[in-house]
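*Asks:* Protein sequence lines, in the order shown, are assigned to chains E and U. Numbering-wise (the working numbering), the first sequence opens with residue 3 and increments by one. Numbering-wise (the working numbering), the second sequence opens with residue 11 and increments by one.
Since the hints were derived computationally from the structure, they do not count as laboratory data. Hints are not guaranteed to be accurate.
Claimed, not checked - Covered by chain U, according to a simulated footprint, are these stretches of chain E (three or more residues, beta-carbon under 8 Å):
| id | segment |
| --- | --- |
| 1 | 232–246 |
| 2 | 306–319 |
What the hints assert, rightly or not - DEER-style ranges, computed between Cβ atoms:
| id | chain 1 | residue 1 | chain 2 | residue 2 | range |
| --- | --- | --- | --- | --- | --- |
| 3 | U | Thr-71 | E | Tyr-104 | 38 to 44 Å |
| 4 | E | Ala-204 | U | Asp-35 | 50 to 56 Å |
| 5 | U | His-269 | E | Asp-131 | 18 to 24 Å |
| 6 | U | Asp-250 | E | Asp-175 | 48 to 54 Å |
| 7 | U | Asp-83 | E | Thr-94 | 52 to 58 Å |
| 8 | E | Asp-284 | U | Lys-79 | 25 to 31 Å |
| 9 | U | Lys-271 | E | Lys-304 | 28 to 34 Å |
| 10 | U | Glu-259 | E | Asp-69 | 47 to 53 Å |
Just so you know, these numbers come straight off a predicted model, no measurement behind them. The beta-carbon is built from N, C-alpha and C at its ideal position, and this holds for glycine as well.
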Amino acid sequence: MTACMERKKFLTTTSLLLGGAFIRTKTWASPTKKSIVRPPYLQPGDTIGVTSPSGTITLEEIKPAVDLIKSWGFAIEIGKTVGQKDGIFGGTDAARIADFQYMLDNPNIKAILCARGGYGVVRIIDQIDFSHFRKHPKWLIGFSDITVFHAHIHHHQRVATIHSKMCNSFPDDWPNADALKQDTIHSIRKALQGERLQYNVAHHPSNKIGQGKGELIGGNLRTLENLAGTNSDIETDGKILFLEEVDEPLYNIDRMFWNFKRTGKLDRLAGLIICGFKTMPDDPEEQHFSLNLQQIILEKTKDADYPICFDFPVGHQVNNYALKCGCKHQLDVTPTATTLSELFIS
Amino acid sequence: MAKKQPEALQAGDKVAIVCPAGQMDEKRIQNCVQQLQTLSLEVIVGNTVGQKENYFSGSDTERLDDLQKALDDKTIKAIICGRGGYGISRIIDQLDLHYFKKHPKWIVGYSDITLLHTHINRHTSIATIHGPMAGAFDSYPDSEYPSTIFPALMDTSLKYKIESHELNRIGTAEGELIGGNLCLLAHSIGSTSEPETKGKILFIEEVGEYIYSADRMFLQLKRAGWLDRIAGLVVGTFSDMKDTTTPFEMDIYSAIKKHVKDYKFPVVFDFPVGHTERNVALKIGAKYKLSVKSPSVVLKEK
């Protein structure tokens, strides 16, 4: 603790001499909104509902997840969309709406774990009635296409949600699964049981040093881009934005970050967390895109005064740790490490 | 009120060819240059034609300068883009339209150029031409489609008649035309390049996207209120569409048809606009009448 305080004093003194160039501390006031509500944490014996509002999945594919979660002391209710298929979807739009609505409104279900991502939430979100959920919030868990729910619920219902792996990422053979896989799955349990989440990540040379506090919001970049202008759009002023992506070529990533910049989403952040970006190789008929991921992002944030970190362990990859979207966090990007800490409000 | 159409080209006028986005070999503009010269037009080839900088036809500054110079040159009466690709997003906010607003000229292009069209449509009262670019004359040397830009440039009122499609919704609509590449239209939403859509006839086209991705982008337009405001929908070609390992099991036209079922505006499918040979010139900002009937559909400039 002492070493920390001394370093901070040194940096503060330096910033006075250099006009604040070193320290970027951002704590913007969050506009209008009421405070984010954390749903009740889970107790032993509580029921978690499993549903598939996006892609199709079989009962067999979710079995490892079901078995493990039961071993944690929870009950599982498997929704009707598990085992259903309509093209790429886990059932027709109507079936997925009905299943999700049932999970939202059933008082016995204390958390909703999405079975997988894919695509499909935007086709149903406008038919979901969140009024019961607003009065009796519960945890919603998932990522990728589930980003739509995170964004929508954050904006409208102001309830915290969990951005994490889903059923389709639970290892088949739990006892022999590698430590990292187990650790990331454990992070879901920690989030559900009320542990304060804190992550320490290695420094990346492209990081922008600084500190910021704000509600955590984000998810899949393309999914978020395609919410612009709709009533599921995210507002990012005063928030810590985290972004991940998979299977997009660099020029698309560049285009999407231009959209974020040009829709004001990068202007008044408290912090920016760049997570896993698994880029698709360039089209062989086109030349290699001249900017790398860090350059793409840093050129659009060059006037920004908030901390930025890269390679945060979230995304379409094995190291995909749970994050409590909506909850206030502190992001510390120092020359040696990055820390993201959930701030508890009692 | 319809946008103002720039002056029609006349013999002796200068036309610039520039590449504000992707790179292309200079030889690819030759067919276009020849056709322009046949019409007694003088061709000015921009610096970005034939230039390569990794992905683009020059640095952002070079591409911006080339386009800006062509916009501000009072002797240049029309700008034809060489090709699309990607790159307009990176320069659009630095583009100065002051001179262009006072001295309009035709701008021709599609694909990535969609963002330039929507931006000009939003910020000026000037019509632009969504249509084949210089490279199209090289890609389809024997086709009549690239040449549809010439009547557009030379003050001819455009009229297209096509066969009806089984998914069409019968009806008529009148309104200003707006549209372009679906991905770029979605990309414009929420930014200063998002076009107004109230009372307009919207046309969309796409290439090389996953069906589910095109579905998602179309839904973004819907959820952003575009469909609540438009007078008619023209669905162009959706070519080289990709599918996921688990197939979507519906073609994109059928998916779009489903998404518009609760609206009343006329809808036409397979209109010849997009990334295939069948790509006709359309004047964004001009007033059109869309008549969707059987056995034919007419899109006619008013």
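*Asks:* Counting residues of the segment 232–246 of chain E that have a beta-carbon nearer than 8 Å to any beta-carbon of chain U, does the count reach 3?
*Replies:* With 4 residues close enough to chain U, the hint holds.
*Asks:* Given a hinted range of 47 to 53 Å, is it respected by the beta-carbon distance of Glu-259/U and Asp-69/E?
*Replies:* 31 Å, violated
*Asks:* Take a look at whether the Cβ-Cβ distance between Asp-284/E and Lys-79/U falls inside 25 to 31 Å.
*Replies:* Since Asp-284/E and Lys-79/U have Cβ atoms about 30 Å apart, the given range 25 to 31 Å holds.
*Asks:* Would you say the C-beta atoms of Asp-250/U and Asp-175/E sit inside 48 to 54 Å of each other?
*Replies:* Once the Cβ atoms are compared, 41 Å apart, the range 48 to 54 Å for Asp-175/E and Asp-250/U is violated.
*Asks:* Do Ala-204/E and Asp-35/U keep their Cβ atoms within the hinted range of 50 to 56 Å?
*Replies:* With a Cβ separation near 45 Å, Ala-204/E and Asp-35/U fall outside 50 to 56 Å, so the hint is violated.
*Asks:* Okay, His-269/U versus Asp-131/E on CB: inside 18 to 24 Å?
*Replies:* The hinted range 18 to 24 Å holds for His-269/U and Asp-131/E, with Cβ atoms some 21 Å apart.
*Asks:* Do three or more residues of the segment 306–319 of chain E come closer than 8 Å to chain U, measuring C-beta to C-beta?
*Replies:* Not satisfied, violated; 0 residues make the cut.
*Asks:* Looking only at beta-carbon atoms, does the pair Lys-271/U, Lys-304/E fall within the given range of 28 to 34 Å?
*Replies:* For Lys-304/E against Lys-271/U, whose Cβ atoms are near 46 Å apart, the range 28 to 34 Å is violated.
*Asks:* Kindly confirm whether 38 to 44 Å is satisfied by the beta carbon distance between Thr-71/U and Tyr-104/E.
*Replies:* Taking Cβ atoms as reference, Thr-71/U and Tyr-104/E lie about 57 Å apart, which means the hint is violated.
*Asks:* Between Asp-83/U and Thr-94/E, does the beta-carbon spacing fit 52 to 58 Å?
*Replies:* 57 Å, holds
Checked against the numbered hints above, the structure violates hints 2, 3, 4, 6, 9, 10; every other hint is satisfied.
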